[in-house]
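> Since chain Z is already given, all that's left is putting chains U and L on it; use the hints.
Residue numbers (our numbering), protein chains in the order written: chain Z, 1 to 298; chain U, 1 to 536; chain L, 1 to 323.
No lab work stands behind these hints, which were simulated from the structure alone.
Where hints are given, some of them may not hold.
Below, simulated DSS-like cross-link-like pairs (lysine-lysine); rule was C-alpha separation at most 27 Å, straight line [unchecked claim]:
1) U/LYS423 <-> L/LYS64
2) U/LYS425 <-> L/LYS64
3) U/LYS160 <-> U/LYS470
4) U/LYS479 <-> U/LYS98
5) U/LYS518 <-> U/LYS226
6) L/LYS99 <-> U/LYS207
7) L/LYS64 <-> U/LYS195
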Amino acid sequence: MVTTTVDDGSIEVTSSGRIKKFLIDFYRGHPLGAIGAGIVVVMLLAAIFADFITVYDPEQIDFESMLVPPNWAHPLGTDNYGRDILTRVIYGARTALTVGFVSAFVGSFIGLVLGVASAYFGGRFDLIFQRVMDVFLAFPLIILALAVVAVLGTGTENVIVAITIPFIPQCARVVRSSALAIREIPYVDAARACGFSDSRIILRHMVPNVMAPFLIMLTAFVGQAILLEASLSYLGLGVQEPVPAWGLMLQGGAEEYAESAPWIAIFPGLAITLGVFAFNLFGDALRDVLDPKLRSQQ
Amino acid sequence: MKKFLTTVAAIGAGAAIGLGAMGASLAATPKSGGVLDFVVPSNPPSYDAHQETTFGVIHPLAPMYSLLIRVDPNDPQSSAFVCDLCVGGVPSATDGGKTYTFKIRTGVKFHDGTPLTSADVKASLDKIVSPPKGVPSSRKATFVMVDSISAPNAETLVIKLKFPSGAFIPALGAPFNWIYSKKDLDRQNGYSWHKTHVNGSGPFIFKSHVAGSHIEGTKNPNYHHKGMPYLDGFKAIIAPKMNLRVQAIRADHAAIEFRGFPPKHRDDLVKALGDKITVQESDWNCGNLVVFNTKMKPFDDKRVRRALTLAIDRWNGSKYLQKIAIVKTPAGIVFPTHPLAATKAELEQLAGMWPDIKKSRAEARRLLKEAGQENLTFDLHNRAVDQPYKHVGTWLIDQWSKIGVKVTQKAVPTAEWYSKFRKTKDYQVGLDANCQSVVNPVADVAKVLCSSTNNYSQCENPKLEDLFEKMNKESDQAKVRTMMREYERIVLDEEAYIGHALWWYKINPHRSYVKGWKIAPSHYLNQQLDNVWLDK
Amino acid sequence: MYKYVVNRVLLMIPTLLGAAVLVFLVLRLAPGDVCEMRMAGTGLFADPEAIAICQDNLGLNDPKIVQFGRFIGGYFTADLGISMWTAQPISHEIEVRFKLSLQLALMATFLSVLIAIPLGTISAVKQNTWMDYAVRTFSIAGIAMPSFWLGILIILGLLISTQAWFGTPWMPPIYYVPLFEDPMGNLSQLIWPALATGYRYAAVSTRMTRSALLEVLREDYIRTAHAKGLLEKLIIRRHALKNAMLPVVTVIGIEFAFLMGGLVVTEQVFNLNGLGKLFVEAVLNHDYNMTQQLVMLVALIFIITNFLVDLLYAWLDPRIRYA
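One chain only, chain Z, in its complex shape (with noise of 0.2 Å):
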């Protein structure tokens, strides 16, 4: 187990222990959470070594072996152009998670900037930054990432930016209103007082603080931008063909051979689910963790 603690090796033994406790303790504590993360690290595992791990190729054509249901060779059957449906699942973890990871990531980060900026700043900054962020509200998700389709068109770098602008104003807007009570409490202004740059005061003293609805948002949003791909396959604008991707392989199979092939169907949409169903079992198990408020109370 490798730790993030930079002391000598003395530590590194300790801190192994002291994870293993708090893993064991989450584990006690949020059984769903630990179930939620261990599928999660199931699919990060998969994304990563997916080239190892399969034997086909998944974007090669073979006509020969279409639509073949699950048997020895493969296991999960293939699909309407030959292809393995296991080796595609697994090859679309990894365009899942880089969607959502990507997403998610950069999303809530630019949301963490502004919303604590934000806060931070107050007066007219805040008021004009705020009507902006509500301008974005005020847009259903799935039609704003629609619209940025429409303009950028498809593809997996396209989608994951249509699916990253909804996120921003979203995490702006709680990361805001954390930081809000936060700039409220004396030492921020003892931090000021003190000469301290805007800056350093907002990084290190603000951004920590705000961390809890910070990280809670990040792993909603992974889920959700996960749903949004296949949400924007589904209307025909997500990733293209050959990429293998889940929402794509759901769109054109999920329907047309829902009944003759069901195979095709199923799998994808089981791994959207299970993957989404993660993250968010992870997420809330976090959310307790993180919010003091809802910590231990039995």
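Frame of chain Z; chains U and L shown alone:
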């Protein structure tokens, strides 16, 4: 597939009852009554077919209008026309092929009661052929040969041409040339009136339109083809999702969809409903074209273009693609079953149609090497529509990977797809389609003519222009055929501006109680529904 | 309070104006135009002249500022303009869809409340028991399933099961009939999408109910009630739930606003002629007029809902005072 074949056999057995003379007459006697519910894949734009171009306006609204001439509803596969508002047969040209005189049917009334005369036909055709300033007409360009239209008396219409042209009658027979009432066109803003109002002389009267939901028509008791229509009315239900349309037929919320379903949906319907479903199939007058942007490097080099078309195994691809997509027949630029189309032996001479794909791909690799493009990568500009665009695109990408070319599919919504082809022209290779209504190869192949505004390859070739013009003025079909082969060879092989992917295949599984409707080679044709009846 | 209301109403104006500018510009950034969509067809003679005339007639060649002026000016003359796709007045096009979307949103919200409040309460009261875990798993599954997948499964499930049981396949009607014209037809169409979305949105409210209730249950007055020996059920119903309702009401209100315009995918799956489907069509067709008005409508619904939720908040909770 096996299931489908058995059902076709079952349908055959059902039809076999009609072997005896008695049975035949019984089966053929249409019953009156009933309302036909059908599903339409798109929300129609304005009601004015003179300016619109989508089938979305044809399916729900064509039953309300008459045409001067139309495709024979009892034999829509033939390319011959019959009279709708004229009487007798479609007239032959006099005056050395330059004058057509139509006798207009008497006693026809518009739905508002106004009698229909040749003046109405003239006013409608004038709106299409020579519209006043500010009035868009989408088929104006198909009537370049028309010199004048006159109505010397109420029952006679005379159309004079500038030069004899075999393309005139097919242009006139286009299913969009609805006849409006002159009275309506003479209103204030009369030329926009038909965008939001309906007043025709067709078999059905406009009853209601719930925006985005459905359009209803009721029987026109004064319809000029006596005894018809058989239906009391119809309801065209708008349903953009393919899956839902299929399920709607399965649950009998709709009896038919007139555009076409993919093979798998056909099989599912047949499997679930057995002989309650009848399947009609036909080659479709639509094809997917791979278009190379000749103004974009390296596609300005014909070796690269030829290599890319040589890499596509059309014969073998067809076998598999027809199981998953609405495409089937590999052919040249002419509609496969037409006499002007190339024979198999002729096709096998063309690049990308050689019988030996190994040899073809070896030649492709050699050409790429010669052009210094062995590591070619590019984006395929495609339309974000599943059937058949994305299927064909995905297949093409796989074909190109076999000669070491790496291609990324960029499928975009329809508006952007057009925009890149027509305005910005900054694509490398695109997947286009050529969809025509009336089968008329001499006109249809204008799509690949370099000067055509719909040929997006940006090519320039005077030889093609010359051949095209000669074909259009030649009446000897054997000579036209020879010229057509040369035209095809230049476009697909020598210059390889275009790679013809595959022709589409129209599959219409419908409730077996729908009778009288016969599949046409186009989803634009034969949609007046006057001879359709329900055997319930 | 009065000042607060006036202030909030005034603040709506810049937000709406911002939405107008944003949608106006974004639409014009996307390549392609409605005339090409209508007239290029896939056919042979896409007449460039006809396309140009169409663009002229729709005012697409006017300077942007003139087009924007027409858009905003319309609000002063109560004229929303015509759809560039169908040439029908936009008010006419929206009216039909609005009714369906409103009914569906109400039904889905009702179902989601019906599911969320009892489940959330059980989950909070029985915190960290198997019941809590079961409820949470059930509710999170609602968020995790792609809605179109669920929709497709529902339709297919209905078709297959009705065919197996009754011999003929049945599915919900595919076009809308008003509730008062044909209540059975109306409900048999809308109940399925309402269930699918209600379940999905219940997940959010269930979690909110749970956490709000958990917080309230630790307040002093609840302990006092316990001390007084009041029945557990009574405490929850009389005291805790009532006070935990505030954040739940907020979430429900905001969800409702989203349901009005955001059911883009569900409406496609069930072929519902609502605002979401119209939205997708308008965006894809590049029908600028229609998209602009829809965005403004959805934004307005969202803003007003938010405002009402805030007012309700202030009214329900005397501790909150706005100045």
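> Hint by hint, note whether the structure agrees.
Each hint tested on the structure:
| no. | hint | result |
| --- | --- | --- |
| 1 | U/LYS423 <-> L/LYS64 | holds, 19 Å |
| 2 | U/LYS425 <-> L/LYS64 | holds, 24 Å |
| 3 | U/LYS160 <-> U/LYS470 | holds, 21 Å |
| 4 | U/LYS479 <-> U/LYS98 | holds, 21 Å |
| 5 | U/LYS518 <-> U/LYS226 | holds, 20 Å |
| 6 | L/LYS99 <-> U/LYS207 | holds, 22 Å |
| 7 | L/LYS64 <-> U/LYS195 | holds, 26 Å |
No hint from the list above goes unmet by this structure.
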